[in-house]
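-18 is the number of the first residue of the sequence shown in the numbering used here; add one for each residue after it.
In the EDC-like style, the derived pairs of lysine to aspartate or glutamate whose C-alpha atoms are separated by at most 16 Å in a straight line are:
(1) Lys101 / Asp73
(2) Lys117 / Asp93
(3) Lys28 / Asp120
(4) Lys61 / Asp73
(5) Lys194 / Asp171
(6) Lys101 / Glu111
(7) Lys81 / Glu14
(8) Lys167 / Asp150
(9) Lys77 / Glu102
(10) Lys194 / Glu166
(11) Lys117 / Asp26
(12) Lys117 / Glu96
(13) Lys101 / Asp69
(14) Lys29 / Asp120
Quick list of the computed label-pair ranges, beta carbon to beta carbon:
(15) Met106 / Gly159: 31 to 41 Å
(16) Pro185 / Glu60: 14 to 24 Å
(17) Glu60 / Tyr155: 16 to 26 Å
(18) Asn172 / Lys63: 19 to 29 Å
(19) Glu146 / Pro83: 32 to 42 Å
(20) Lys28 / Val94: 16 to 26 Å
(21) Asn172 / Ser54: 18 to 28 Å
(22) Glu21 / Asp171: 43 to 53 Å
(23) Asp16 / Ala98: 24 to 34 Å
(24) Asn172 / Ser97: 42 to 52 Å
(25) Met106 / Pro32: 26 to 36 Å
I should point out that these hints are in silico values taken from the structure, not numbers from a laboratory.
For every residue, glycine included, the Cβ atom is placed at its ideal position computed from N, Cα and C.
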Amino acid sequence: MFQFLLRSMKCGVDEAGRGSVLGPLVVGAVYSESDDVLIEIGVRDSKKLSPKTRERMYDLIADACGISIITVSAADIDEKRKMMSLNDIELDMFVKACSKMPVSAVYADCPDVNESAFSKEMGLMMNGPEIIARHKADDIFPVVSAASIIAKVTRDRMIADIQKEFGADIGSGYPSDGCTMEFIEKWIKDNRCPPPYTRCSWEPVRQMMTVSKNTKISDW
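All chains, please: the whole structure from these sequences, using the hints.
Encoded structure:
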């Protein structure tokens, strides 16, 4: 009976923080035998839920399902990007998160424009389960919606810890967030280097550093 359950187990995987300029990239995976419990919880794409609702659902998902969380720091992303693309970094994280126990199928929120190519590559790396990688999978498959909640809540908690460490409002960590970019810019002006937890390989940060190197302190 137990072996049958393992064969029928499926896994959903998603990320949070892919495009952020400050903070980690987090991948969450959820293992479940059925969507029923996730539908009962009311899972949706994490971006469509309030922070309070995500926190509540995180606990319910963790109690009802198996979860796996993989994180990569900003510094590690900068180092890895010297040798591989962001898609490859994410693919490697997906495989690690989805390899904690045997599954018959993996549902992934595809980061690549080519769903088929990503599915094939992930399938070769995992060598076993069926891989279903789709754009907006967190809106289609409950198990991926659940994974998106696990990843999002984990990253939000990490950003909150970073903010406490700085003792300043750092925003969401995304380049579209004016608060985040103002924080990084001010830090560079004051310290002539990016703040800790910043992805220095990201173009906006590189531009700020170029300006800093070409400007006298008296010019700020």
